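Chains A and B, in that order, give the protein sequences. Throughout the first sequence, residue numbering follows the working numbering, covering 1 to 328 in sequence. Throughout the second sequence, residue numbering follows the working numbering, covering 1 to 279 in sequence.
Be aware that one or more of the hints could be misleading.
Listed next, the in silico SDA-like pairs over lysine to any residue satisfying Cα-Cα at most 20 angstroms (straight line) [claimed, not checked]:
hint, chain 1, residue 1, chain 2, residue 2
1, A, 84, B, 209
2, B, 85, A, 145
3, B, 94, A, 147
4, A, 158, B, 85
5, B, 271, A, 190
6, A, 208, B, 90
7, B, 144, B, 181
8, B, 94, A, 209
9, A, 158, B, 208
10, A, 139, B, 209
11, A, 95, A, 187
12, A, 208, B, 95
13, A, 211, B, 94
14, A, 139, B, 208
15, A, 208, B, 94
16, A, 158, B, 206
17, B, 271, A, 184
Since the hints were made in silico from the structure, they are not lab data. The structure presented is a predicted model; accordingly, all values stated were derived computationally and were not measured.
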Amino acid sequence: MKTLIVLCAGGTIVNDKPIYLNTHPDGGLIAKKAIENIYQETYDRVIYTILDRECYEYDADVILSNELRATREIEIVRLEELTKGPADTVYKTIKAANIEGSIAIRDSLGSMELTERLEGNFIVGLNLLTYNDSIQRIKSKGFIVANEQNIVLDFMEKRFCSDIISAGLYGFKKGDDFIESYLRLSDPAYNIPRVSVGHVMEHLIGYKDRKFKLGYTQVFEDWGDQIAWYEMQRKRATVFIDLDSMLANKKIDALSEKTIKKMRIVSQNGMRFVFYYAGMTQDSIAEFRRFLVDNDIEYIAFIDRKSQSKEKYFVNSEEDFDKITLGL
Amino acid sequence: MQITNMSGFSGCKVLLYDDENLLFVRKISGSIEYNNRLQLQMEKQKNFKSAFVGVPAIIDSGFDNGLFYFDMEFLQGITLAEKLKTMRVGDIHKYVEILGEFLFEQGGNNSEMAVESFGRKIDQLSNDLKNKNETVCEALGLLKKHDWKMLPCGTCHGDLTLENIIIHDGNLYLIDFLDSFFDSWVLDVATMLQDARCLWSFRNNDKVNNNTLVRMMIFNDLLLDFIKNKQPDKMIDIYFALLLKLVRILPYCNDDKTELFLNEKIGMVMKMIEKEDQL
Numbered sequence: 001m002k003t004l005i006v007l008c009a010g011g012t013i014v015n016d017k018p019i020y021l022n023t024h025p026d027g028g029l030i031a032k033k034a035i036e037n038i039y040q041e042t043y044d045r046v047i048y049t050i051l052d053r054e055c056y057e058y059d060a061d062v063i064l065s066n067e068l069r070a071t072r073e074i075e076i077v078r079l080e081e082l083t084k085g086p087a088d089t090v091y092k093t094i095k096a097a098n099i100e101g102s103i104a105i106r107d108s109l110g111s112m113e114l115t116e117r118l119e120g121n122f123i124v125g126l127n128l129l130t131y132n133d134s135i136q137r138i139k140s141k142g143f144i145v146a147n148e149q150n151i152v153l154d155f156m157e158k159r160f161c162s163d164i165i166s167a168g169l170y171g172f173k174k175g176d177d178f179i180e181s182y183l184r185l186s187d188p189a190y191n192i193p194r195v196s197v198g199h200v201m202e203h204l205i206g207y208k209d210r211k212f213k214l215g216y217t218q219v220f221e222d223w224g225d226q227i228a229w230y231e232m233q234r235k236r237a238t239v240f241i242d243l244d245s246m247l248a249n250k251k252i253d254a255l256s257e258k259t260i261k262k263m264r265i266v267s268q269n270g271m272r273f274v275f276y277y278a279g280m281t282q283d284s285i286a287e288f289r290r291f292l293v294d295n296d297i298e299y300i301a302f303i304d305r306k307s308q309s310k311e312k313y314f315v316n317s318e319e320d321f322d323k324i325t326l327g328l
Numbered sequence: 001m002q003i004t005n006m007s008g009f010s011g012c013k014v015l016l017y018d019d020e021n022l023l024f025v026r027k028i029s030g031s032i033e034y035n036n037r038l039q040l041q042m043e044k045q046k047n048f049k050s051a052f053v054g055v056p057a058i059i060d061s062g063f064d065n066g067l068f069y070f071d072m073e074f075l076q077g078i079t080l081a082e083k084l085k086t087m088r089v090g091d092i093h094k095y096v097e098i099l100g101e102f103l104f105e106q107g108g109n110n111s112e113m114a115v116e117s118f119g120r121k122i123d124q125l126s127n128d129l130k131n132k133n134e135t136v137c138e139a140l141g142l143l144k145k146h147d148w149k150m151l152p153c154g155t156c157h158g159d160l161t162l163e164n165i166i167i168h169d170g171n172l173y174l175i176d177f178l179d180s181f182f183d184s185w186v187l188d189v190a191t192m193l194q195d196a197r198c199l200w201s202f203r204n205n206d207k208v209n210n211n212t213l214v215r216m217m218i219f220n221d222l223l224l225d226f227i228k229n230k231q232p233d234k235m236i237d238i239y240f241a242l243l244l245k246l247v248r249i250l251p252y253c254n255d256d257k258t259e260l261f262l263n264e265k266i267g268m269v270m271k272m273i274e275k276e277d278q279l
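When you get a sec, could you build the whole thing from the sequences and use the hints?
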């Protein structure tokens, strides 16, 4: 029996709700994105571990069940309170759901894309030397050392010892192995405040000589905390550009190389441009469109706002609308 | 010639001499009263033999202003204590096996001498410890009742902390030998457990790196497994030796934090003894 456990019990709140109940900029529920592209269909059971209170406050269990119904059947384990750490969450999940056989553990704090199925003891890593984007708070990541056969030799939390960081998916051939190591690591004499899944893997390698295979993902998106979440949102933001002001009656080629290059990169990484204008001619607009195409800058639309007023507003709610129209 | 002070905990001065052609370490007695003890330590180091671990070679010895000193080769390396913090978890077993083989190499036979030596030490402790709380009283009671004659009397390092084990060119070397009231490899194990199990070196740290804690635990568990596989009947003696080591520190304790720490660890070791007794 193979079980995939998805950890959603960390208690992180973003936009006034648990992070996993938020919507990714591409429209998918974060909790659902966590199991995309990791061969979830090869698991007999997929279990989401969430906090009980989030079921009462946010209907988390209902939302998860509804959203994932089309993908596959899932189970939900509800924990009464925050645990002592990720490994404790896994331990409680195993006990609550009577899990037997092998387990894989996925955190819900990022996305990845595997190119091969991984079984038994494994960890998925991201090679920083070949990854083309930035990583937030890299010091907080787990670092993996592996040999040429991609067998893990070492793992260190929050300490630079290699170019490969953990991407948040682990496999344990025997759930019993996990439990035994976790209970040992919970010895109060050592007072490890927050036992992670990585610590369990370290213990199994060092004490029981277990072999863990390193698998890779080159696709990785991190939304593990508020900073990473907002950074992810920022990368995919919709940007409204006032062409009249930006060009200020100058020709298009007055734009600096630096700005052009940056626009190209951010548009290719997900940022979306909406250009609006009022005083420009149609010929100028056409020229600017050609300029964007020639420079591989992606955009959504050009809008003639038919007013040269300097006042511009964003409205996200009825309250916002009331505010800007007060007295009108 | 450049002379650098090296840090040490023994009360002796330790200097690194850097001559053009030669690099050596000089250990100088802290007082005339300590001369004899340092000489015994030097003899222990000089006579040390092992197929598994090495020692820095003794180059010279003598007196300077009435204080005994001896010179030994300098080994460029890292202590096991420091190395364990970042050692690959897969490599820990290698060093445990070397140390384990070294410990059993010291051998020894059961001796009635142990009963006398330990008995004296425990009686002295009972007198020295003025404010004995319940935990300490219980510990002293256990120590008095234990049958020490099963302790093998052989050779040992005397102060085998993880700081006194150097890794040089991938091999292990022992430094800072100590003359002991009783020579037994069991006491060497107890000293290692004082660090690996009781985390004595970290007692003043508010926070210890989790990677270090995991590695200390693995080292501890592998070492105990090694011993259990070869001489399971010695486990109880090891735990009693560890208990005695901790209680022996109490009379020198001059702050509440350390006393609290020791009391906690003494309680922990007594539970380990109880568990071992039940097996």
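Here is what the structure says about each hint:
{"no.": "1", "hint": "84/A <-> 209/B", "in the structure": "holds, 17 angstroms"}
{"no.": "2", "hint": "85/B <-> 145/A", "in the structure": "holds, 15 angstroms"}
{"no.": "3", "hint": "94/B <-> 147/A", "in the structure": "holds, 18 angstroms"}
{"no.": "4", "hint": "158/A <-> 85/B", "in the structure": "holds, 13 angstroms"}
{"no.": "5", "hint": "271/B <-> 190/A", "in the structure": "holds, 15 angstroms"}
{"no.": "6", "hint": "208/A <-> 90/B", "in the structure": "holds, 9 angstroms"}
{"no.": "7", "hint": "144/B <-> 181/B", "in the structure": "holds, 17 angstroms"}
{"no.": "8", "hint": "94/B <-> 209/A", "in the structure": "holds, 12 angstroms"}
{"no.": "9", "hint": "158/A <-> 208/B", "in the structure": "holds, 13 angstroms"}
{"no.": "10", "hint": "139/A <-> 209/B", "in the structure": "holds, 14 angstroms"}
{"no.": "11", "hint": "95/A <-> 187/A", "in the structure": "holds, 19 angstroms"}
{"no.": "12", "hint": "208/A <-> 95/B", "in the structure": "holds, 15 angstroms"}
{"no.": "13", "hint": "211/A <-> 94/B", "in the structure": "holds, 16 angstroms"}
{"no.": "14", "hint": "139/A <-> 208/B", "in the structure": "holds, 17 angstroms"}
{"no.": "15", "hint": "208/A <-> 94/B", "in the structure": "holds, 13 angstroms"}
{"no.": "16", "hint": "158/A <-> 206/B", "in the structure": "holds, 18 angstroms"}
{"no.": "17", "hint": "271/B <-> 184/A", "in the structure": "holds, 16 angstroms"}
Hint compliance for this structure: no hint is broken.
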